[in-house]
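Peer 1: The chain contents come next:
Protein chains: 2
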Amino acid sequence: LHNLEKIEYKPVSVKEVLTEMKDLSEIMLDLAYSAVLFHSVELAEEVLELEERIDTLSYLLDMSIMLAARDAEDAEALAGIATVAAATNEISDAAADIASLVLQEIGLHSVIREAFQKIEERLMRTEIKSGSLLDRKKIGELELAANIGVDIIAIRRGKEWIIDPELKEEIMEGDFLIVRGAPLGIQKLRDIASGKTRTFDRGD
Amino acid sequence: LHNLEKIEYKPVSVKEVLTEMKDLSEIMLDLAYSAVLFHSVELAEEVLELEERIDTLSYLLDMSIMLAARDAEDAEALAGIATVAAATNEISDAAADIASLVLQEIGLHSVIREAFQKIEERLMRTEIKSGSLLDRKKIGELELAANIGVDIIAIRRGKEWIIDPELKEEIMEGDFLIVRGAPLGIQKLRDIASGKTRTFDRGD
Chain A
-10 LHNLEKIEYK PVSVKEVLTE MKDLSEIMLD LAYSAVLFHS VELAEEVLEL EERIDTLSYL
50 LDMSIMLAAR DAEDAEALAG IATVAAATNE ISDAAADIAS LVLQEIGLHS VIREAFQKIE
110 ERLMRTEIKS GSLLDRKKIG ELELAANIGV DIIAIRRGKE WIIDPELKEE IMEGDFLIVR
170 GAPLGIQKLR DIASGKTRTF DRGD
Chain B
-10 LHNLEKIEYK PVSVKEVLTE MKDLSEIMLD LAYSAVLFHS VELAEEVLEL EERIDTLSYL
50 LDMSIMLAAR DAEDAEALAG IATVAAATNE ISDAAADIAS LVLQEIGLHS VIREAFQKIE
110 ERLMRTEIKS GSLLDRKKIG ELELAANIGV DIIAIRRGKE WIIDPELKEE IMEGDFLIVR
170 GAPLGIQKLR DIASGKTRTF DRGD
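Line by line, the protein sequences give chains A and B. Residues -10 to 193 in my numbering are what the first sequence spells out, letter by letter. Residues -10 to 193 in my numbering are what the second sequence spells out, letter by letter.
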């Protein structure tokens, strides 16, 4: 990830920025739901920070699009990209609004928890216990998506959050994982994280 | 689904409407991505219709919330519900904007397809061929989420679209399914839909 804290224009790759905005907006929505489901103030704050990052990316992308348009044909082709970028921005705003609920002093209405029921089936938070098969494994070598149909979307390590961790990231005892996927897969991962299950074998 | 085409206020269950808005907004986003990935004008039009439905639900919900608030404490608790409803509305607007790209005359820029690469791994369209294990099966009896970690989010039958089909819906030869889930699971479902694979056995 690039450091974009000082917003000054430098040429960016439209493709890279649009892809990052797209992926980030998707993950932000699941992180915002997770913040509500697991009452996590820290996770909610992470979502708000990501929202600022999307705003910055959006600004840089808009400038690159303008500079790339040299004639009407270019402009027409680039308008679609601007539309997708604006849509990811809307999604990230929605995610930030949902995450903000956790930061308010008032409790969450039971109706909200009930509306989140379907989401609860595909999102889970779990801690890596001593002796777990996952301890000191790189995310890439686990092939979780292929093996049990789940993704690790965030790791909390002490006070630090690692959002959308890379394949080379090593999981450690004491980490809290936020995981999304098929209900059976997340149940399986919970058992592996706790050390109860010592195999990825799907033949259960 | 209720018929809400004539918008006149009648008391609605806040819980039911919020849940429907929430579920619908999630599915709309995946349907909008599918419309782009599979160049489906009809699916894009379905997304725009769903967006109108969300607008109607949003209007009814806002009224119910106002009527339910009798004192400041009520109002505080209900404000969170209004925030979630507004967020689902934003998500559905974003989905409609993305779907609209398919309805424009101009072609999609290659950068958009590339940004959608991760989405492409978890969304698939497939046709039910003669002799498929899925032919004349009710969705509920297949337990696709539990068996192979995938969901059927829409069915196209002739000119008709069935969005977020119920468990009692029967799949028929010639149906096109839009499916989302883990990459291995959607590959498996493709083989079952085509008749190439005759079992849900995961031990492959």
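Do not rely on the hints blindly, as some may be mistaken.
In this list, chains with the same sequence are indistinguishable; a pair is considered to hold if it fits within one copy or across any two.
Each computed EDC-like pair below joins lysine to aspartate or glutamate, with the alpha-carbon atoms no more than 20 Å apart [as the list claims (entries may be wrong)]:
hint, residue 1, residue 2
1, K148, E158
2, K157, D19
3, K107, E155
4, K127, E31
5, K4, E110
6, K107, E132
7, K107, E15
8, K107, E94
9, K4, E103
The set of hints was computed from the structure by calculation and includes no laboratory data. Here the structure is a predicted model, which is why all the values come from computation and not from measurement.
Peer 1: Hints first: check each against the structure and report whether it holds.
Peer 2: So, going through the hints one by one against the coordinates:
no., hint, verdict
1, K148 / E158, "within (17 Å within a copy, 47 Å between copies)"
2, K157 / D19, "neither (22 Å within a copy, 29 Å between copies)"
3, K107 / E155, "between (27 Å within a copy, 14 Å between copies)"
4, K127 / E31, "neither (24 Å within a copy, 43 Å between copies)"
5, K4 / E110, "between (33 Å within a copy, 18 Å between copies)"
6, K107 / E132, "between (25 Å within a copy, 16 Å between copies)"
7, K107 / E15, "both (17 Å within a copy, 10 Å between copies)"
8, K107 / E94, "neither (25 Å within a copy, 37 Å between copies)"
9, K4 / E103, "between (38 Å within a copy, 7 Å between copies)"
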